[in-house]
Structures are given as C-alpha cells and as structure tokens.
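Each chain, letter by letter, is given below.
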Amino acid sequence: VIIRGARIRAISAAVPPERRGQDYWPDGPKIAKFTGIRERRVARKNILPSDMNVAAAIPLLEKYPRESIDCLIHITQAPDYAAPATSCIVHETLQLPQQCSVFDAVQGCSAYVYGLWMASCILAAGGAKRAMLLVGDINAVPADNIEPTDKATEPLFGDAGTATIIDADPSAPPMTYVNGTDGTGWRFLVVPGSGRRQFGESTKLQMDGAEVFAFTLREIPPLAHAVLAEAGWSIDDCDAVVLHQANKVILDAARTKIGVPAEKFVYGLEHFGNTGGPSVGLALVTEKVKPGKWLLLGFGIGMSWSGLAVDASGVDVYPLVEMP
Amino acid sequence: VNRSDFVRRIENLLERDTRSIDEQSMLAELPEWDSMAAIGFIAMTDAELGVAVRPQKLFECKTVGDLVGLAAEKLS
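Order-wise, the sequence lines are chains U and L. Note that this note's numbering gives residue 72 to position 72 of the first sequence, counting from 1, and the numbers run on in steps of one. Note that this note's numbering gives residue 38 to position 38 of the second sequence, counting from 1, and the numbers run on in steps of one.
Fair warning: there could be bad hints in the mix.
[To be verified] Some chain U residues flagged as far from chain L (calculated, every beta-carbon gap over 10 angstroms):
(1) 184
(2) 206
(3) 209
(4) 217
(5) 218
(6) 253
(7) 256
(8) 259
(9) 263
[Stated by the list, open to error] The calculated BS3-like cross-link candidates involving lysine-lysine, where the alpha carbons are at most 27 angstroms apart (straight line), are:
(10) U:151 <-> L:62
(11) U:30 <-> L:62
(12) L:57 <-> U:257
(13) L:74 <-> U:204
(14) L:74 <-> U:151
(15) L:62 <-> U:288
(16) U:293 <-> U:33
(17) U:288 <-> U:204
(18) U:248 <-> L:57
Everything labelled a hint here was simulated from the structure, so no lab data went into it. Remember, predicted model here, so these are calculated numbers, not experimental data. Think of the CB as a built atom: it goes at the ideal place given N, C-alpha and C, for glycine as much as any other residue.
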C-alpha cells in the first residue's frame, strides 16, 4: 500500500549502560564471528522497555513539544503491566496532553516498521496530527527472558528503546508499505508462559533457529522486491537498506539474495546484538544512516513482516542516548 | 558440484581438516555439527545450489551422506 500524507520527522534511540560480551561461552570467539555480535547492551533488572523508550523520547521533546503530540503508540513484548496499557504509564511520565490518543501494540522483530505503518495510517486518515512511536524490548540476560544456558538465544539478544516522531503532512513523500503474516510459524519463536494460555510454563524465549532462518530466506527477499516494485524503485534507487538486525548470517544471506551493494547495506550488530522490535530504528541511529531513500525491513516472531520504502530526506536522526 | 565436492564444502563449513569426514560419518559424532552449523548448512545450500532445505528434513539426517542427499537434485 502507498500512504500519502505522513512524514517521519525524527528518530532517537537509547541503550542501557551494561555491556555483555560472548566470553560466557567457551566458543565465544566462534559465536562472535558467526553471529557478527561481539557484545550486547543489557538492561538491569529494573529497566523496562518503557524506560528505554522514554530515555529515547526526551531529547525529541525540545523540538517536538509534548503539547503537540496527539497520538502515542507503544510497542513492546515486555509491557510494564498486562493491564493497564504501558502507553498510559508513559503518557504520565512524558506529561503528554489529555487530548492525546494512546495505545499499545504487540509485535516483535517487525515492530519498528510495523509501528511506522500504524502511525502513518492514523495520520494520513486525519486521526491525529503528530504521532510519537515508541518501540523497545528487553531480550537479554540478566532480565529473565532468556535461558542463560540456551545457546540458540543467549548470545544474540540485546536491549534497546526507540522514539520516533511522525507528522501528518499533505506534502510528505509517499510511503510504500508491504506487511505480511504467516501465523503457521508462531511456534518457532515463543515465550510459552508469557500470557494466559500456558500460564505457569517457562517465561524464557524459545527459538527454533533453523526454522526462523529458513523463514527469512524464503520470505524476506521477496518482501524487499515487493516493496521496491510497489514504490517503483530499483535497489539502485535506495541510499540505504536497513533490515531487522537478526544476526550476521541472516543479514549476509538476505543481502546477497536481495542483491544489495555492500555500501548501501547497514550492519548495526557488532556492539548491540539483536534488539528485536527496535532494531531497525536503533541501527539508523547507531550507524548514523544518512537521510535519503530508505528501504526498511522488519521481520520475525509471529511470523510477521513489514517493509517500507520512503524518501526520508530531512529526517533528524538523533545521536544515541546512553542511559546512566 | 558433485557429491564429494559437497562433502568437502561441509567439511569446510565445519572447519574440519580436509578428508576428515566422508558420507558415512555420523553427525552425532561430529562436535562441530551444532545449531550454528545447521544454519550455516541451510545458508550454504541456498546460496551455492539454490536449494531451500527444510529444517525438519535437516534434523532427520543421521550422516553426512544424508546431508548430501538433501542437495542431491542439484549435484552432478
């Protein structure tokens, strides 16, 4: 779909201070080489995605005042509470105006691009004038989402939050989105005890890495080409291609299959790992991606995917917020 | 690429010495055959032979020869 009338204004990201390397594993150097991940940022026990998202949002408020924000979307797999919506809590923390519409959504690795789509639809339809999109996740040890002895997950994940301002703007360049879902793959990435269906079961992420990898090879290159075709772009038109930062093997394979020249393809894994939902936004910030014609692709748990082609010239990419 | 070339590629993927494995080698006896190697194998067959290996089939493999069998249609 092509959405006209919404413009990305500014992107910010925040990470917690603690670093975790791969030395936990006897074959740590091999893991680092294979995954492309040398270290991750890991949230302390009491830091939640909403805290990192708020840290990312605060620098934006100077240029995009809180009174001007009339829509807040908060996306995470680790909410403050199952009820109420984390967006209401963040509404208090950021002292947003009462007229602001707020809601939570749940997506994982597709969340950043998916969230842009949600915000763009609302703004283009006249539902709000300025949206703040917050996407963050905690995935890493010592937060208790990962089994410390599970080599399929422990070496990969890091923690981060992002904040993005999107405005209603009739003169905005078109945004071309392609979303998709394969619900038959939901068992390949699941936290069994995270909700009510299997209450009391494990609260650790379980991943079938080979299935997730096969999914990526099957679905993501066609997604890239579908977005480009709908936008009327070729890969040469793109200034930067940013995929969900899953791991180096997935990124290398997808880059080759899509046919992206190395200089346009963004890797943001080495010091931050796979941060799940916020990874596309985080990579734009940490790799200081120049605003221009961007192809952004989010994909993963669900299985769920979302791709965006947009001329992002003029977007403010803020410096990374290092949390104390 | 023939079957024995492909065995050499598996050897390379597992970072093992040349001719240290053959089609009869049992995967369970190769310490290098782990979850990373499985993903590396899927990546290699996809990139080099255009074969999309189904993970379920991969985990049914007992020997190196079974792995070769997954790509047999594209091997000479």
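- Which of the numbered hints above does this structure break? Numbers 3, 4, 5, 6, 7, 13, 14, 15, 16 and 17, in rising order.
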